[in-house]
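*Asks:* Since chain A is already given, all that's left is putting chains B, C and D on it; use the hints.
Number of protein chains: 4
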Amino acid sequence: MEEPIRVGLIGAGQMGLWHARCLVHDIQQAELAAVADPDEDAARQAAALAQGARWARSHEAMLSDRSIQAVVIASPDGTHAGLIEEAAQAGKDIFCEKPLACDLAEADAALAAVASHGVKLQVGFQRRFDPAYKRAREVIAAGELGPVELAVATTRDPLEAGRPSAGKNAAMFIQTTIHDLDSLRFLTGLEVVQVYATASYFGEGSAEKDEVDTAAVVLRFQTGALATITNSWRTAYGYDVQVEVMGPRGKLQVGYERQTAVRHFSAQGVRHDHVYWYIDRFREAYRREMEHFIGCVARGATPEVGGADARAAQALAEAAARSLREGRPIDVPLPA
Amino acid sequence: MEEPIRVGLIGAGQMGLWHARCLVHDIQQAELAAVADPDEDAARQAAALAQGARWARSHEAMLSDRSIQAVVIASPDGTHAGLIEEAAQAGKDIFCEKPLACDLAEADAALAAVASHGVKLQVGFQRRFDPAYKRAREVIAAGELGPVELAVATTRDPLEAGRPSAGKNAAMFIQTTIHDLDSLRFLTGLEVVQVYATASYFGEGSAEKDEVDTAAVVLRFQTGALATITNSWRTAYGYDVQVEVMGPRGKLQVGYERQTAVRHFSAQGVRHDHVYWYIDRFREAYRREMEHFIGCVARGATPEVGGADARAAQALAEAAARSLREGRPIDVPLPA
Amino acid sequence: MEEPIRVGLIGAGQMGLWHARCLVHDIQQAELAAVADPDEDAARQAAALAQGARWARSHEAMLSDRSIQAVVIASPDGTHAGLIEEAAQAGKDIFCEKPLACDLAEADAALAAVASHGVKLQVGFQRRFDPAYKRAREVIAAGELGPVELAVATTRDPLEAGRPSAGKNAAMFIQTTIHDLDSLRFLTGLEVVQVYATASYFGEGSAEKDEVDTAAVVLRFQTGALATITNSWRTAYGYDVQVEVMGPRGKLQVGYERQTAVRHFSAQGVRHDHVYWYIDRFREAYRREMEHFIGCVARGATPEVGGADARAAQALAEAAARSLREGRPIDVPLPA
Amino acid sequence: MEEPIRVGLIGAGQMGLWHARCLVHDIQQAELAAVADPDEDAARQAAALAQGARWARSHEAMLSDRSIQAVVIASPDGTHAGLIEEAAQAGKDIFCEKPLACDLAEADAALAAVASHGVKLQVGFQRRFDPAYKRAREVIAAGELGPVELAVATTRDPLEAGRPSAGKNAAMFIQTTIHDLDSLRFLTGLEVVQVYATASYFGEGSAEKDEVDTAAVVLRFQTGALATITNSWRTAYGYDVQVEVMGPRGKLQVGYERQTAVRHFSAQGVRHDHVYWYIDRFREAYRREMEHFIGCVARGATPEVGGADARAAQALAEAAARSLREGRPIDVPLPA
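Protein chains in written order, with our numbering: chain A, 1 to 336; chain B, 1 to 336; chain C, 1 to 336; chain D, 1 to 336.
Pulled out of the complex, with its shape left as it was, chain A reads as follows (with noise of 0.2 Å):
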C-alpha cells in the first residue's frame, strides 16, 4: 500500500467529526493526523478516532507540521476565508466546508491565495457527490428533459437543529440556500442573471436586525429558465432536501423522505417515517467528496467543486440577500 495523506482537521463540530469519521474508516488513503478546536472535548474526541492522531486547540502546529500534505476545515463559517488564506500560505492542500467565506471580497481574497501558493482547494457542496444529484446531472446533460425551462429547489432543516449564527441577515443565504443555489447550477449547467428573495422571521423573541429563518427566493437564468427556492429553519418533521427540473420532454424531482423502509397502517391511515438528520440524507455524499478529495490530493489532480463553483454560489448568496435589503431583484454578471 502507498504511504497514505495524512490531513489534518480544523474544527471539529459536528460537521468536522463527520468528516474525521470518514477520514479515519472509508478512506484507506488517508490518515487523520491531527484535529484543532478551541473546544478541547471536541478536538480530543475527534482526535480519538485514529491511532496516533494529535489534537490542539489551535490549528497553528498543524500547518507547521509539514508531514501533513492537507487540511479539512469545518470551523464556523466567519473563519473560511482567513483559515483558507493561512493553509494555503502553509502549502496545504484544502478541503473547506462551504461557505467559502462571509462575502465576497473575503472570498476573493482567499481564492487569491490558493491560487498563487499553488495548493488545491474543494468545497463542501457535498450535494453534487450524491448518487442522485450525480444521476440527475447526468440525466439532464445528456439532454433527456430538453433545455431547462423551470426548477424548484427546497432545503429546510428541523427547528430542534438550532441556527447560532441566525442572527445576521445574510445568515440564511449563505448557510443554507447556498445549497440549493450551487445544486441548481449543477443540475442544469446554466448561469444565473437575476436573483430575487424575500423572507420572514418566525422564530422566538423578537428577530435581530435583519434575521431571518424563513425565506423564498427566484432565480432567472441566463437562458430564461426560473427557479424557486424555498428554506426554513424550523420544520416540526425532519430534514427536507427536494429539488426538481424541468423543460419541454419531462422532468426530474430528486429527493427522498423516508428513513426506515417500514410503513404501519391501522386505523388512523398509513404512516411513515421521514428523515431527521442531514447526515442520514447525505452520508454517501460526504463519503464520496472526502474520497475525491484525498483521491485528488494523492493523484496531483484539481477538485471537481473547487473556488470558481464556491464563488460563484457566494456571489448569489451575497446577491439574495442584497435582494431582501433592497426590496427588489438584483442582477447578477455572468461568472468571468
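Honestly, the hints are just simulated from the structure, not real lab data. Do not take every clue at face value.
[Claimed, not checked] Reference listing, derived: stretches of chain A covered by chain C, where coverage requires no fewer than 3 residues with Cβ under 8 Å from a Cβ of chain C:
id, region
1, 147 to 159
2, 245 to 257
[Claimed, not checked] Part of the chain B face toward chain D, derived, beta carbon under 10 Å:
id, residue
3, Leu-145
4, Arg-156
5, Ala-197
6, Thr-198
7, Val-217
8, Val-218
9, Leu-226
10, Thr-228
11, Thr-230
12, Asp-240
13, Gly-250
Computed from a predicted structure; not experimentally measured. The beta carbon of each residue, even a glycine, is placed where N, CA and C say it ideally should be.
*Replies:* This is chains B, C and D only, laid out in the frame that chain A set:
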C-alpha cells in the same frame, strides 16, 4: 334518443343500491323500472332514485312485467342461483352479483336455464372493468412480462364491515377469495390445476363449525406458474386489494392505498389515509360493468364476463373449501 | 320529487361540455334546458346530452326564457364579465368559470350588477371542492400545523393542451396562476400583501408582445408567511398540480401523480402513469362544485365561492402581471 | 485502544469479500488477520484489504493460529457444518453465513460441537439487524398490531445473479426461503407448526431432478396465524424483499424499492430505479451484524442470532422440501 332498457333490481342492500345509482345516474341507456326487496325500506329507498320506479317485497311482479327487459340480482348469495333460473324462465337478461351460486351443482342448473332460455348473463366480477386491472391484463397479454411465473393476490375487508354469512365453511372462499381467483385467471390468462387452502378463525367467541375469517391459498396453473392469495375480514386499516404478477421480463403491481391526495408531515412522521370502502376502490369499475351489461342487452351482444368464467371461479372456490376440509391440495380439472 | 332547477349553459367548449355532463348525469336537482355557443356543433353536442334541451348560437333567447333560473358561463375568458352583467340583469343565478374578468375594473362592474340585481354568483374555483384540498383546509384551520409560514404551489399543463389566448401578458396569471392564488388563500386563510412575478416564453416562434408560458411567483402574506408558485404550459408528462403548506408543527402536501393503479417493474426500473387531463384530477371537484351551486340556487343560499373570493384572486393575478411588467414586487391592499 | 479481535475469513466470494470489507473499514475493534479460499485470486483480493493479512488456499493454518480468536465462514453452503465443527474444535468463535447446514442431522452435529467446545456462534440472518426489520419487530412485540394473524413475505433474486447449486431439491428453500422463514419467526415471535410448499422450474433447459427456481410456501403458526412466502431466482427488475405482517389493529409493511432518490417524469409516465443488489438493500444490516458478532466476542457475550434460531429455520426449510416431495402439508414439532 332510443328507448331505454327497463331494468328491475332484485335485492336493494348496499351493493344493490349502488347498482341502482349507477343505472339511474350514469347510464342513460337504462331506466330503473322496479325494485324488489323483502326489506320494504330498502326497496323504497332504491326505487326513490328514479322517477316512476315501482317497488315491491317480492320479485314476482317484476318478472312477469313484459316491459322489463333485464334484471340485476344483488340479493343474498344463497338466492342467486334460484333467481337466475326464475329470471331466465321469464326471459330476462341477467346481471348477477358474484357468486353465481353456493355450489357447482346449483351453478350448473342456473347456467342450464340461462342457456335453454337464450338470455344473456353477466356476473359481477367488477375488477375486470377496473382501468388498472384492464391495463395490467393488456400488458401481460402483450407478453411484456414474458410467460407468467408467479403471482401474489390480497383481498382484505375491514373488521367493521361485518360478515353475516361467515358461519359457513366455504363462505370466505365463495364471497371473497373468488374475486382473487377470478382476477388471477383474468390477468394471467391461465387455468388453475391445483388448489391448496388453509384458514383460521380469529373472530370473537368461538367459531361455529368450520367458520373462518382468515385464509391463505396456493394455486398451481397449467404452466407450472404459482400464485398465493391471502384473505382477511379483520383489517383495522381499510379495504386492501392488491395483486402482483411476475414473469421473467418484469412484474406488474396493481393496487393503491390512498383515498385522498393529502399527506401530513409532523414530528410523528408522514401520514396519509387508506381506502376504506370497497366502492371507493372500484367505483369506476362498478359503473363500467353495468354500462357493459346494458350495452350488451341493447345491442344483443354477449357480455364479456359470463357463465363460463363464473363457473370456473366457483369451481376453484369450491376446491379451496375442500382443500381446507381435507388438509391437502386438490386437483382441479381444466374447464371444458 | 321537487321541480328541477332549469339551467342554461353559455359556452360549450371542453369545460362547458363537462359542466353539462355533470348537470345531466350527476345532479338530479338540475335540468339542462338550453345551450348557447357560436359554434353550432358544440352547442348541439352539449344539448344532445339532455332530453328536451334547446340549443342556439346566441345566449339571448336563454336569458329571456323565464323558466330558466340559472346559467353556467363557460365561454372564453374575455366574455365572462359582460355575460355576468347580462345574466344578472335577466335575473339569473350565475355559475361562472374563472376568471371573473380580464381586469379588476371589469370585475367590479360585473360584481356591481350581481349585487344590484340580487342574483347569486359562484366562481369556478373547483379545487375548493376537491376532497383533498377540503381536508387540507380543515387540518390547517384546526391549527394542526401551527400558523402557516411557507407554502409551495405548482400548476402545470401539458404542452399539447394548447393555449389560445397565450398572447396576452396577463393570460398565464389570469388563466392558470389564479388557481394557485385562490387555493393558497383558501388553504392558509391568509391575505396576500405583496406579489413578485417573473416569467419567460419558451414556445415556438418568437413571443408576441409580453407573451409568457412559464412563470415563477412569490407571495408575502399579511403574517409574513411566504409562498412560491411555479406555472408552465409546457409539460411533457401531464397535468401537474401540487401544493404544500408548512407551519412550525408540520406540513401538508396535496397532490397525486398516478392515474391508474398499476406499476410496471422491469429491467428499466419501475414505471407508472401520470394524470394527464385536468378533468381526471378534479372530476369529483367539478361534480361537487356544481352540486353546491344548484343546491344554493334551490335553497336560496349564498354560494361559498362568490364574488369576494373571485375579486381577491383577480387582484393578485393583476398584481403579478404588473410585477412582471415593472420588474419589482407589488404591494396589494387587503381586500375590503 | 484495546487490542483488536483478530479474525480469519473462510471463503472469499462475494459475500465473504463484503464481510472482509466490513471488518476492515467499519469495525475498529476487529482486525482481518487471515483469509482462506481455494481460489487464490479471491483469497488474495480479500487479504489485500487489510495491512498484514495473510492468505491461503486452505483454512488449516488459520485454525491453528492461536492469535486468531474468531472466524467468519462464508464458503459454499455444503461446507458450513463441517467448518463449524472444525472451528469449534480449534476454539474459535464463529460467525457462519446461513444456512447452518444442508440438513438437520448435519446441523445438530455442528451445534453439538459448538456446545461442547464452549465457543460462540452467530448465524448470518442479517435481516434481524436491518433497522426496518428491527423497528417492525419492536412495534409488533409492543402489541401495536394486536396478535399477528396473517403475514406475506417475498424474497426474489435477479435472474442474472445465477444460482450454482440450484440443481438440488432443497436448494431454494435452504438458500432463499430460509431468510423468510427466519424473518417471519423474528417478526411475529411465533413458532410454525405446519408447512406446505410447492415449486416450479422455469430455467433454461430441462430441470435436473427436483430442481426448482420458483416457490410458494404457506405456514401455519402455533396460534393459527397464517403466512405465505413466494420466492424466485428469476426477476428482471432486481432484488425484491418485502414482508407484511397484519393483526387486528393494523399491519406493517417492510421493504423498499428505490435505489436512487431520482424520479423521471416524461411522456412515458414516471420512472424510478429499483434496488438491484442484495448488498445495497442490506448494507447497514451486514455492518451491524458483524459489529454485533465482534462485540460479543470482545465482551464474552452470547450473540443474539445463534444456533437455536438457525436450527429452527433449518427445520422449516427442510419441512418445505419434504412438503414439495410428498405433495402435502408437513407438521413441524415446536423447537425444544
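*Asks:* Each hint: holds or not?
*Replies:* Hint check:
By the rule of at least three residues with a Cβ nearer than 8 Å to a Cβ of chain C, the coverage given for the region 147 to 159 of chain A holds, with 7 such residues. Proximity of the region 245 to 257 of chain A to chain C, defined as three or more residues with a beta carbon under 8 Å from a beta carbon of that chain, is established by the 5 residues found. A distance limit of 10 Å between C-beta atoms decides the matter here; for B/Leu-145 the minimum to chain D is near 8 Å, and the interface restraint holds. The restraint placing B/Arg-156 at the interface with chain D holds, with a minimum CB-CB distance near 8 Å, inside the 10 Å limit.
Annotation: interface hint on B/Ala-197 holds; nearest CB of chain D at approximately 9 Å, less than 10 Å. Because the smallest distance between the Cβ of B/Thr-198 and any Cβ of chain D comes to about 6 Å, under 10 Å, the interface hint for this residue holds. Residue-level restraint check for B/Val-217 holds (minimum Cβ-Cβ distance to chain D is 8 Å; threshold 10 Å). Because the closest C-beta pair between B/Val-218 and chain D is about 5 Å apart, less than 10 Å, the hint holds.
Satisfaction of the interface hint for B/Leu-226 is found here, the shortest Cβ-Cβ separation to chain D being roughly 4 Å, below the 10 Å cut-off. At its closest, the beta carbon of B/Thr-228 sits 4 Å from a beta carbon of chain D; the interface hint therefore holds under the 10 Å criterion. The criterion of a C-beta within 10 Å of any C-beta in chain D is met by B/Thr-230, whose closest approach is roughly 6 Å, and the hint holds. Residue-level restraint check for B/Asp-240 holds (minimum Cβ-Cβ distance to chain D is 8 Å; threshold 10 Å).
Interface restraint check: B/Gly-250 against chain D, minimum CB-CB distance 5 Å, threshold 10 Å, status holds.
Checked against the numbered hints above, the structure breaks none of them.
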